[in-house]
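Asker: Read off the chains here:
There are 2 protein chains.
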Amino acid sequence: MSERNNSGLAGVVVGQSAIASVESSGNGLSYRGYDILELAEQANFEEIAYLLIHGRLPTEVELRDYQSDLMRHRNLPEALKTVLEQLPPETQPMDVLRTGCSALGCLEPESDQRTVTSIADRLLASFASMLLYWHHFHVNGQRIETMSDETSVAGHFLSLLKQETPDELTRRAMDVSLILYAEHELNASTFAARVVASTLSDTYSAMTAAIGALRGPLHGGANEAAMDMIARYATVEDAERGMHEALSNKQLIMGFGHRVYKQGDPRSPIIKAWSNKLAVATNKTRLFEVSERIEQVMMREKGLFPNLDFYSASTYHSCGIPTAFFTPLFVIARCTGWAAHIIEQRENNKLIRPLAEYTGPTPRSYIPIERRH
Amino acid sequence: MSERNNSGLAGVVVGQSAIASVESSGNGLSYRGYDILELAEQANFEEIAYLLIHGRLPTEVELRDYQSDLMRHRNLPEALKTVLEQLPPETQPMDVLRTGCSALGCLEPESDQRTVTSIADRLLASFASMLLYWHHFHVNGQRIETMSDETSVAGHFLSLLKQETPDELTRRAMDVSLILYAEHELNASTFAARVVASTLSDTYSAMTAAIGALRGPLHGGANEAAMDMIARYATVEDAERGMHEALSNKQLIMGFGHRVYKQGDPRSPIIKAWSNKLAVATNKTRLFEVSERIEQVMMREKGLFPNLDFYSASTYHSCGIPTAFFTPLFVIARCTGWAAHIIEQRENNKLIRPLAEYTGPTPRSYIPIERRH
Numbered sequence: 042m043s044e045r046n047n048s049g050l051a052g053v054v055v056g057q058s059a060i061a062s063v064e065s066s067g068n069g070l071s072y073r074g075y076d077i078l079e080l081a082e083q084a085n086f087e088e089i090a091y092l093l094i095h096g097r098l099p100t101e102v103e104l105r106d107y108q109s110d111l112m113r114h115r116n117l118p119e120a121l122k123t124v125l126e127q128l129p130p131e132t133q134p135m136d137v138l139r140t141g142c143s144a145l146g147c148l149e150p151e152s153d154q155r156t157v158t159s160i161a162d163r164l165l166a167s168f169a170s171m172l173l174y175w176h177h178f179h180v181n182g183q184r185i186e187t188m189s190d191e192t193s194v195a196g197h198f199l200s201l202l203k204q205e206t207p208d209e210l211t212r213r214a215m216d217v218s219l220i221l222y223a224e225h226e227l228n229a230s231t232f233a234a235r236v237v238a239s240t241l242s243d244t245y246s247a248m249t250a251a252i253g254a255l256r257g258p259l260h261g262g263a264n265e266a267a268m269d270m271i272a273r274y275a276t277v278e279d280a281e282r283g284m285h286e287a288l289s290n291k292q293l294i295m296g297f298g299h300r301v302y303k304q305g306d307p308r309s310p311i312i313k314a315w316s317n318k319l320a321v322a323t324n325k326t327r328l329f330e331v332s333e334r335i336e337q338v339m340m341r342e343k344g345l346f347p348n349l350d351f352y353s354a355s356t357y358h359s360c361g362i363p364t365a366f367f368t369p370l371f372v373i374a375r376c377t378g379w380a381a382h383i384i385e386q387r388e389n390n391k392l393i394r395p396l397a398e399y400t401g402p403t404p405r406s407y408i409p410i411e412r413r414h
Numbered sequence: 042m043s044e045r046n047n048s049g050l051a052g053v054v055v056g057q058s059a060i061a062s063v064e065s066s067g068n069g070l071s072y073r074g075y076d077i078l079e080l081a082e083q084a085n086f087e088e089i090a091y092l093l094i095h096g097r098l099p100t101e102v103e104l105r106d107y108q109s110d111l112m113r114h115r116n117l118p119e120a121l122k123t124v125l126e127q128l129p130p131e132t133q134p135m136d137v138l139r140t141g142c143s144a145l146g147c148l149e150p151e152s153d154q155r156t157v158t159s160i161a162d163r164l165l166a167s168f169a170s171m172l173l174y175w176h177h178f179h180v181n182g183q184r185i186e187t188m189s190d191e192t193s194v195a196g197h198f199l200s201l202l203k204q205e206t207p208d209e210l211t212r213r214a215m216d217v218s219l220i221l222y223a224e225h226e227l228n229a230s231t232f233a234a235r236v237v238a239s240t241l242s243d244t245y246s247a248m249t250a251a252i253g254a255l256r257g258p259l260h261g262g263a264n265e266a267a268m269d270m271i272a273r274y275a276t277v278e279d280a281e282r283g284m285h286e287a288l289s290n291k292q293l294i295m296g297f298g299h300r301v302y303k304q305g306d307p308r309s310p311i312i313k314a315w316s317n318k319l320a321v322a323t324n325k326t327r328l329f330e331v332s333e334r335i336e337q338v339m340m341r342e343k344g345l346f347p348n349l350d351f352y353s354a355s356t357y358h359s360c361g362i363p364t365a366f367f368t369p370l371f372v373i374a375r376c377t378g379w380a381a382h383i384i385e386q387r388e389n390n391k392l393i394r395p396l397a398e399y400t401g402p403t404p405r406s407y408i409p410i411e412r413r414h
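Keeping their order, the protein sequence lines are chains A and B. Numbering-wise, the first sequence is residues 42 to 414 according to my numbering. Numbering-wise, the second sequence is residues 42 to 414 according to my numbering.
Don't read these hints as lab results, they were simulated from the structure. Do not rely on the hints blindly, as some may be mistaken.
Put simply, identical chains are the same to the list, so a pair is met inside one copy or across any two.
Below, simulated DSBU-like cross-link-like pairs (lysine-lysine); rule was C-alpha separation at most 30 Å, straight line [stated by the list, open to error]:
(1) K391 x K291
(2) K391 x K343
(3) K325 x K203
(4) K203 x K303
(5) K203 x K343
Here chain A stands alone, though its shape is the one from the complex (with noise of 0.2 Å):
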């Protein structure tokens, strides 16, 4: 695309939203009008995913059916796991979770029974169990149990990823984690669930679509790549060092800066605190420290903040998750808010279908093959 046109869409408004407002607004971000640092200390992802998708928070009744409703929902048909178990060791997460994501839809279709917050709710409790299913058994040869006591979310996922119940702290920084990486107005991924949901197609195709979105390095895998870069420095002034090079070298660093939030991503302060938290709490603060100064040395040489991608690689990592496992976390998060944009595409739907400026050869007659060289 041209320099004229090249934008990515970038500062264009495509259409109105009632989910998140980014920017516009006290701290920067609010879902449904609730203050996400409001919302990190005092609620819980289950509470979050229900707000985005049914439009208010639950009663205490709701939230608990609701709770309820997303254990059961864990189980994995066995179809699906000779799926799961055909895709090889070394395939990436995220495609494991896009190929899981469409095959559930050959399993379980859309129809007027199953409806896209059914499907959402599906997902949602079973994206962990899909993901940690592959897993295990390509690396322990094991096939787990899929099911848990575990009642929310967060903690699902870290007893499959452990095999053993998580601990209190772990599993609430998880669950502030997802309640951050939930809802994100029109980024690509879910730029790219309405493109497809404004065809008509299933929430299967779009959730896939989505996905595959977030798989990408600008976008979801950067917290990948943060957690890479950081792990390459064993001490403060190792990074202090890296980063000249690396700056002075132009490459391109993840985690900073941001297409909407010019002041500073108001999600980060929160997941630094968790970050800063878990590592006192693990005695391991080098992550941390070694983050910070990143941090530093970002603002001063290019004045440029961390966004949630930065330190939510220090916080998952000690909460051990496998690097790996970042971007499908994001997933488990994310899967609410593409569902609630689906239904808010469908509740008003135009096709969406822009135009682009032709810009190839002009006319020309057709050349019969035997005259080409």
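Mind docking chain B on chain A? Use the hints.
Answerer: Quick look at chain B alone, frame taken from chain A:
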């Protein structure tokens, strides 16, 4: 989205593209400068696939090599066959292709050695294999051989479907149809592919998203909907009566009008001529006559012209294609255009991330759950 903004980006230029010109020259559609009329008369589909993906028409040697490459890539890995066998007989064929595409991305992931062009070749060559392996496994309990001696994509599809050598007229009708469906600028599926590609995600993710978008009845699903309508009428008089009734009930009639073309779809007369030719050759003219009457009613009553989807329905039916495979054929054609757009997006990439106007609740305080009713 609002009335003001709920435009589905209609008429909005979001970037440049050198692949297809729509309504800006000649007869209304050209691929890389070559008029669609000339291409449909003189070229074969593999030439068009090469033209779209490589940017120029192949020489005789290049075309022969390209066709041999495609023939070699018709096999399916055993793991993919096992995946396909898990998808129930009642699965929508588009969901089979979406899942097959995603699963192949796990088995043969993109890499420095396996690039977007080789993945495009692989998918173009094997989509028919995936679909028809799954089809025969469930319908006939048969694990078919997916290789064939047919040199064309059209011939391969027909020979796998029918398990016999297709006749030349049917083969060429399918070939022309694939040419007509190969590319169409920033339609919803292509735009979905570009949104995904803009995160620098992999080719399979972009293709999988595009399949999911094409699946929708407002996009690729239209030819199947047109067929269902046409098949309903036993005579032209039935069609006349039924159409008046449908229009007075304000039913949406698929296969007419177009977001971009205002004067007529240049592809429609081409496929209409083929529909007629097949009707005459097979001595089964009812579907064509009913279609023509529907066309007349729609022009007389609504001033709407048929688009490519409308006469594709009767054409495919005459070729012996089950209705549920019409949109999968669209995938096989359009994956060439998708590949061209993924390549173009990467050449000058910027993350596609628009904004929404926030219309949700104004800032409000979080209410602790025990105080909600």
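Asker: Take the hints in turn and mark each one as holding or not.
Answerer: We went through each hint and held it up to the structure:
{"no.": "1", "hint": "K391 x K291", "in the structure": "between (42 Å within a copy, 18 Å between copies)"}
{"no.": "2", "hint": "K391 x K343", "in the structure": "between (41 Å within a copy, 20 Å between copies)"}
{"no.": "3", "hint": "K325 x K203", "in the structure": "within (20 Å within a copy, 65 Å between copies)"}
{"no.": "4", "hint": "K203 x K303", "in the structure": "neither (38 Å within a copy, 59 Å between copies)"}
{"no.": "5", "hint": "K203 x K343", "in the structure": "neither (39 Å within a copy, 63 Å between copies)"}
Figure legend: structure checked against the earlier numbered hints; hints not met, in rising order: 4, 5.
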